[in-house]
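Peer 1: Heads up: the sequence lines are chains F and D, in that order.
According to this note's numbering, the first sequence is numbered sequentially starting from 917.
According to this note's numbering, the second sequence is numbered sequentially starting from 7.
Honestly, I wouldn't trust all of these hints.
What the hints assert, rightly or not - With the C-beta cut set under 7 Å, the calculated list includes, among others, these residues of chain F facing chain D: (1) Y994; (2) S997; (3) F1024; (4) E1193; (5) T1194; (6) G1238; (7) N1240; (8) S1241; (9) L1248; (10) F1338; (11) G1341; (12) P1351; (13) W1354.
For the record, the hints were derived by calculation from the structure and aren't laboratory data.
By construction, the Cβ of each residue, glycine as well, lies at the ideal position given by its N, Cα and C atoms.
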Amino acid sequence: MMRSPMPSQPRSAAPASPPERTSSGRYSLWRLLREGLRGQRGWSRAWTKAAPRPRYRVVLVGAGGHGLATAYYLATRYGISDVAVLERGPLGLGNVARNTTIIRSNYFQPANVRFYEFSLKLWESLERTLNFNAMVSQRGTLNLFHTEAQRDLLTRRANLMRLEGVDAEALSPQAVKALVPLVDLDNGRFPVLGGFLQPRGGTVRHDAVAWGYARGASEAGVDIVEHCAVTGIRREGGRVVGVETSRGFVAADVVCLAVAGYSSELARMAGLELPIETHVLQAFVTEGLKPLLDVVLTYGAGHFYISQSDKGGLVFGGAIDGYNSYGQRGTLPMVEEVTAAAVTLLPALARVKVLRQWGGVMDMTMDGSPIISKTPLAGLILNGGWCYGGFKAIPAGGFTTAHLIAHGTPHPVAAHLDLGRFAAGRTVDERGDGPYPWLH
Amino acid sequence: MLRIPCPWCGTRDEVEFRYRGDATRSRPAADGTLEEFTAYVYARENPLGWHLEWWLHVGGCRRLLKVERHTLSHEIRWVGTPEALPPDGKVS
């Protein structure tokens, strides 16, 4: 046997070849018809699974809704595509897969109304922007009220929304009944006195949001790296220089955390303590039913919200379990509370079978509002504290976080969400509950 | 369902209690700095692990309890009075 005359090159010295970046092409009715005739052989992966390179301009931690949206807007709106999104598990399996898919902008604080309305407007054009069917359905969100004081409060909220140019309509009990015949208006404990409808609210297919942003970001040159857990945040001279990961050190000029639920754990790696507690929120889905609910409905005498998915299952949820928890599962007292609210408001549901129940962990902040901010550590950006309003905020959260990373200054609609608001006494307390995260 | 062993009433379901948050924060002196008060009111360790927390037994003895509970397994390994500290306890 001949030995090779040349010493073989050590593998590690060879420059890492860039990952093969596939393009999924443009999705259209024409392409669907063509592929139908060609045996569906012309489709390729929607996004590329990348391996981490040694350095990037921006590293985003967490391939959930906000991380992927931030990557997408950085690459497409702000011209920064030297970006990696690092995800410890598979893409889009955290809270973007666990929420109840509701979008709306019916908030009380004017700054919140502006932020969530910015998000709702982005939702309205999202599918055209991403060329991806996210099944955005503006079926309307209806908030019921059961006391006169509650009516006054919701009237004030609706007027504040209308001053910001956001849609809000008052409905009489009869109009509520016409819209949702299942509602028991005269239920013994909490009769329904009316409701407020935001016609532009609705639902979105949540998984498709993660996949659509991932596809758009990947095509624009962003590296999406799955199964790459961040284990440390490296600092030099008071600024971030990169992240230690399960697949080696990755250097970066800017590191952005988008890991709601685990923000405190990641920030601890950078020596920071946040105004956040982690709490578990449960959601439920019933067996598939024929169409019976064509709005998003919320109960005013308890914490309960419900909509019907396109598959026919009723998707519903309530409040957080109420004590610090990283357990992505719920406990029974909240199951009882949520189902009691369900059958009080909609007695017809009493015999409907619940198919699945699950839990996700939330960053609950001290004022109930999110955080999109620089941190005391230079080069470290935080997108977190979403409480349980993170899903509807994905487009705006991604857009404004990308703005903050690209320009170094907050986007005007998200300037009130800075971390400094707590020390400065500018908290954005939507419900007026004070610094008790389990109440928000 | 948490089962909390109240030192006064015995082991009861969590629905008898009201959660009152992190029990490791102590109030700064009245002339403390803004940073100290901000950290006291707003900053939280929020550990994935053992957590020392307040529970008020509203549906029982109405006393405030200090509980050490794991935030992932939800296991409770120590319950004491407000002044007491768990065996390996710490107060920030």
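Peer 1: With reference to the structure, classify each hint as holding or not holding.
Peer 2: Okay, the hints, checked on the actual structure:
1. The criterion of a C-beta within 7 Å of any C-beta in chain D is not met by Y994 of chain F, whose closest approach is roughly 31 Å, and the hint is violated.
2. Hint status for S997 of chain F: violated, given a least beta-carbon distance of 33 Å to chain D, over 7 Å.
3. For F1024 of chain F, the interface hint is violated, the least distance from its beta-carbon to any beta-carbon of chain D being 21 Å, above 7 Å.
4. For the restraint placing E1193 of chain F at the interface with chain D, the shortest Cβ-Cβ distance is roughly 5 Å, inside the 7 Å limit, so the hint holds.
5. Given the 7 Å rule on beta carbons, the hint for T1194 of chain F holds: about 6 Å separates it from the nearest Cβ of chain D.
6. A hinted interface residue such as G1238 of chain F counts as satisfied when its beta carbon comes closer than 7 Å to some beta carbon of chain D; here the least separation is about 5 Å, so the hint holds.
7. Of the supplied interface hints, the one on N1240 of chain F holds, with its beta-carbon coming within about 5 Å of a beta-carbon of chain D, less than 7 Å.
8. A distance limit of 7 Å between C-beta atoms decides the matter here; for S1241 of chain F the minimum to chain D is near 5 Å, and the interface restraint holds.
9. Interface hint at L1248 of chain F: satisfied, since its Cβ lies 5 Å from the closest Cβ of chain D, which is below the 7 Å cut-off.
10. With 7 Å as the threshold, the beta carbon of F1338 of chain F comes within range of chain D, its nearest partner Cβ sitting at about 4 Å, so the hint holds.
11. Here the hint on G1341 of chain F is broken, as its CB sits about 9 Å from the closest CB of chain D, past 7 Å.
12. With its C-beta approaching chain D no nearer than about 5 Å, P1351 of chain F sits inside the 7 Å limit, and its interface hint holds.
13. At a threshold of 7 Å, the smallest CB-CB gap from W1354 of chain F to chain D is about 6 Å, leaving the interface hint in force.
In the structure shown, a violation is registered for the earlier hints numbered 1, 2, 3 and 11, in ascending order.
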